[in-house]
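Trainee: Respectively, the protein sequence lines represent chains A and B.
For what it's worth, the working numbering labels the leading residue of the first sequence as 385, then goes sequentially.
For what it's worth, the working numbering labels the leading residue of the second sequence as 385, then goes sequentially.
Hints are computed from structural coordinates only; laboratory data are not their basis.
Heads up, a few of these hints could be off.
SDA-like mimics (lysine to any residue), calculated; alpha carbons at most 25 Å apart, straight line [stated by the list, open to error]:
id: 1; chain 1: B; residue 1: Lys-527; chain 2: A; residue 2: Ala-512
id: 2; chain 1: A; residue 1: Lys-527; chain 2: B; residue 2: Ile-392
id: 3; chain 1: A; residue 1: Lys-474; chain 2: A; residue 2: Asn-449
id: 4; chain 1: A; residue 1: Lys-492; chain 2: A; residue 2: Arg-473
id: 5; chain 1: B; residue 1: Lys-527; chain 2: A; residue 2: Ala-519
id: 6; chain 1: A; residue 1: Lys-492; chain 2: A; residue 2: Pro-440
id: 7; chain 1: A; residue 1: Lys-490; chain 2: B; residue 2: Lys-527
id: 8; chain 1: A; residue 1: Lys-527; chain 2: B; residue 2: Gln-523
There are 2 protein chains.
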Amino acid sequence: MNPAKPTIARGLLPELIGYRLRRAQVRVFNDFLASLAPFELTPGLFGVLVLIDSNPGLNQSRLGNAMGVDRSTVVAVIDRLQARGLVARKPSTSDRRAHRLTLTPKGKSALEAAVPEVRAHEARIAEALTTEERAALLQLLEKLAP
Amino acid sequence: MNPAKPTIARGLLPELIGYRLRRAQVRVFNDFLASLAPFELTPGLFGVLVLIDSNPGLNQSRLGNAMGVDRSTVVAVIDRLQARGLVARKPSTSDRRAHRLTLTPKGKSALEAAVPEVRAHEARIAEALTTEERAALLQLLEKLAP
DNA sequence: TATTGTTATACTCTATAACTATA
DNA sequence: TATAGTTATAGAGTATAACAATA
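Work out the full structure: start from the sequences and follow the hints.
Mentor: Rendered as structure tokens:
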């Protein structure tokens, strides 16, 4: 038997979508971090690599817009990825204020190596769900945030 | 017609549960923050008030455990709520190291006033879903993080 | 005038390590 | 020895305001 481990009452929290979303997200993010630790990639950094790979040459403002963060926030993120040799800032010929973001060959390799790990992580997360449930969850989440 | 607003490709991101969770959570949190702005309550602070209200006299370590954060993180949270007069640290008679956390009358009032706003926020979020979909979503999220 | 990138600055949330007072 | 609370500190992640260069 458990030695009187006291359970905590959570009031109305478990009925709230936001509370459930946060708990699920923390769980999923922690699994992601553990899975991708060898690549030193957080969900955010991985997302940036995917976005640059899928939109080569995009500028920092557009990237920030896609990520939902201010362009000043993008600066430090790209600084770090550039320092790690994963991303390059190239001059734009059409707009000399802007930088064209691209993955370096090293960045491309890192992304290609990380993707299978991300898929394995996704499979691990989805273990708690049937195929149908997983599809339903994605669809419901998309209704909340298209 | 739209003046050539360029859409961004998101690669494999939309297939990932974590990506969808994060987008939904940002959306829900922002709505919460806007709804509860008059009370100056974030989702986290609201959660703390609910947990203390539902478990009067619990100590900081147990609260941190319930929130999934370190006990050192709890200190500043309670400091602020105490400074605002919403939470009190009372001495425990059974363990002189520990503080018994309780809501002050003002904290109780604030919580009681905030709950209807939270329910309104929840209803607004759930507008995108049918009753059945909302129930299904909560159930699926609970499978990911019990 | 408006936009792109940048810097300086600040605030929140979080953790680790070390300390104290108790247990 | 172990636990409760605290402090000092550090690191993400985020934003706002102001600036230079360019559009």
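Trainee: All hints, please: hold or fail.
Mentor: Hint check results:
1. B:Lys-527 <-> A:Ala-512: holds, 6 Å
2. A:Lys-527 <-> B:Ile-392: OK: Lys-527 of chain A and Ile-392 of chain B at ~19 Å, within 25 Å.
3. A:Lys-474 <-> A:Asn-449: holds, 19 Å
4. A:Lys-492 <-> A:Arg-473: Cα-Cα ~15 Å, so holds.
5. B:Lys-527 <-> A:Ala-519: holds, 14 Å
6. A:Lys-492 <-> A:Pro-440: holds, 11 Å
7. A:Lys-490 <-> B:Lys-527: Judged against 25 Å, a Cα distance of about 38 Å means the pair is violated.
8. A:Lys-527 <-> B:Gln-523: Holds, at roughly 16 Å.
In this structure, only the earlier hint numbered 7 is contradicted, and the remaining ones agree with it.
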